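For the sequence shown, our numbering assigns the number 163 to the initial residue and increments by one for each residue that follows.
FYI, nobody ran anything at the bench for these hints, they're computed from the structure.
From a predicted model like this one, the values you see are computed outputs, not experimental measurements.
Please note that a few of the clues may not be correct.
Estimated spans, in silico, between C-beta atoms of each pair [as the list claims (entries may be wrong)]:
1) ASP335 <-> ASN284: 32 to 42 Å
2) ASP382 <-> TYR410: 11 to 21 Å
3) LEU504 <-> GLU218: 38 to 48 Å
4) LYS214 <-> SER351: 51 to 61 Å
5) TYR410 <-> ASN271: 20 to 30 Å
6) ASP335 <-> ASN271: 22 to 32 Å
7) TYR269 <-> LYS369: 48 to 58 Å
Each residue gets a CB set at the ideal place from its N, CA and C atoms; glycine is no exception.
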Amino acid sequence: MKKLKTLCAILLATSISTSLFVGCGNNSGIGENGTIHVFNVGDYINLDLIEKFELETKIDIVYDVYDTNETMYQRVSTNPGQYDIVVPSDYMVERMIKNNMLDVLDYSNIPNIKHIDDKFKNLAYDPENKYTVPYMWGTVGIIYDADIVTEPVTSWDILWDEKYDKKNILMFDSMRDTLAVSLKRLGYSLNTVNPNEIKAAQEDLIKQKDKVDPLYAGDDVKDKMINGEASIATVWSGDAQYIISESYLNLKYVVPKEGSNKWFDSMVIPKDAPNKSGAEAFINFLCNPENAAENVNYIGYSTPNKGAFDLLDEEVKNNESAYPSDATLDNCEIFIDLGDNLKLYDESWTIVTSK
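Use the sequences and the hints to build the structure in full.
Okay, structure coming up:
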């Protein structure tokens with residue numbers, strides 16, 4: 163996930179409600195037809211759609227924001243009954259299902275589920291398609307300035323190339339994402355729990371620091387690439403589309419040949435949601451192709467909604483950065499919940515970041 167734009171820095175410190183910006187509470191009966199509380203990543207929805215939904219349904223929305231899946235998980239697990247909808251990534255959905263935190267959806271209340279492409283249903287994190295409605299999806303890859311990086315960019319190896327060390331290589335300041343880059347470069351699964359493979363990735367990242375001294379960046383990767391302060395960066399595909407659209411530079415995005423991460427964010431309802439019917443109404447609203455297209459045009463990520471895809475501009479539909487070939491996607495992996503084995507990654511990440 164990713165997936166934050168410039169406004170995110172402001173939103174992350176606040177809770178947003180389009181209903182007079184009130185704070186989050188547990189009363190589901192405030193609006194004429196109740197209130198729903200949505201917990202999502204900052205700037206990961208077109209706020210005009212919230213206002214449209216409120217006008218159409220007389221259901222108020224209180225919109226809270228978070229920065230990472232882990233932040234969301236901690237809040238939801240320690241504050242039951244607070245939220246009606248959350249939008250976790252694939253591996254976090256898996257963890258929430260394992261821990262009995264999600265309610266089974268009543269798809270009779272979500273008829274617009276018919277517009278979701280079948281290839282985005284029954285995925286590994288929700289194999290029976292009981293708990294999730296896909297929201298956005300994408301890949302992880304490399305964005306680069308083609309006027310500076312003139313050689314073909316096909317491999318993760320370029321992030322270790324010493325001739326770019328003075329031109330600022332940017333890496334994710336994110337444990338799973340950055341270790342995944344190294345693991346795939348070395349030919350391993352990004353979900354490996356083999357200590358030797360994880361250690362090899364750790365040593366590979368330390369070697370990269372010695373060779374090219376990359377900057378570990380967060381949301382500032384967008385401004386740095388837009389303004390030409392760096393020439394190569396690891397990014398989520400939606401951020402790549404945003405960066406390219408905002409920059410005057412000759413920027414390109416590629417998913418390396420060794421494979422990468424393909425990710426999926428889904429709308430789910432916590433088991434203790436105070437207004438499940440209102441939540442299902444909002445999910446159904448967002449699955450309406452017209453609304454979904456408006457949302458994806460704002461966010462910049464890829465839509466799993468067939469009806470929405472058909473409404474997009476031809477230039478967007480034919481953009482392989484946003485909608486890669488099946489061959490590219492087949493070479494990518496979905497993050498899975500590693501459970502207690504995540505400590506192996508924690509230990510290696512601590513060593514890498516301390517160097």
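Hints versus structure:
no., hint, verdict
1, ASP335 <-> ASN284: 32 to 42 Å, "holds (33 Å)"
2, ASP382 <-> TYR410: 11 to 21 Å, "holds (19 Å)"
3, LEU504 <-> GLU218: 38 to 48 Å, "holds (42 Å)"
4, LYS214 <-> SER351: 51 to 61 Å, "violated (42 Å)"
5, TYR410 <-> ASN271: 20 to 30 Å, "violated (47 Å)"
6, ASP335 <-> ASN271: 22 to 32 Å, "violated (40 Å)"
7, TYR269 <-> LYS369: 48 to 58 Å, "holds (50 Å)"
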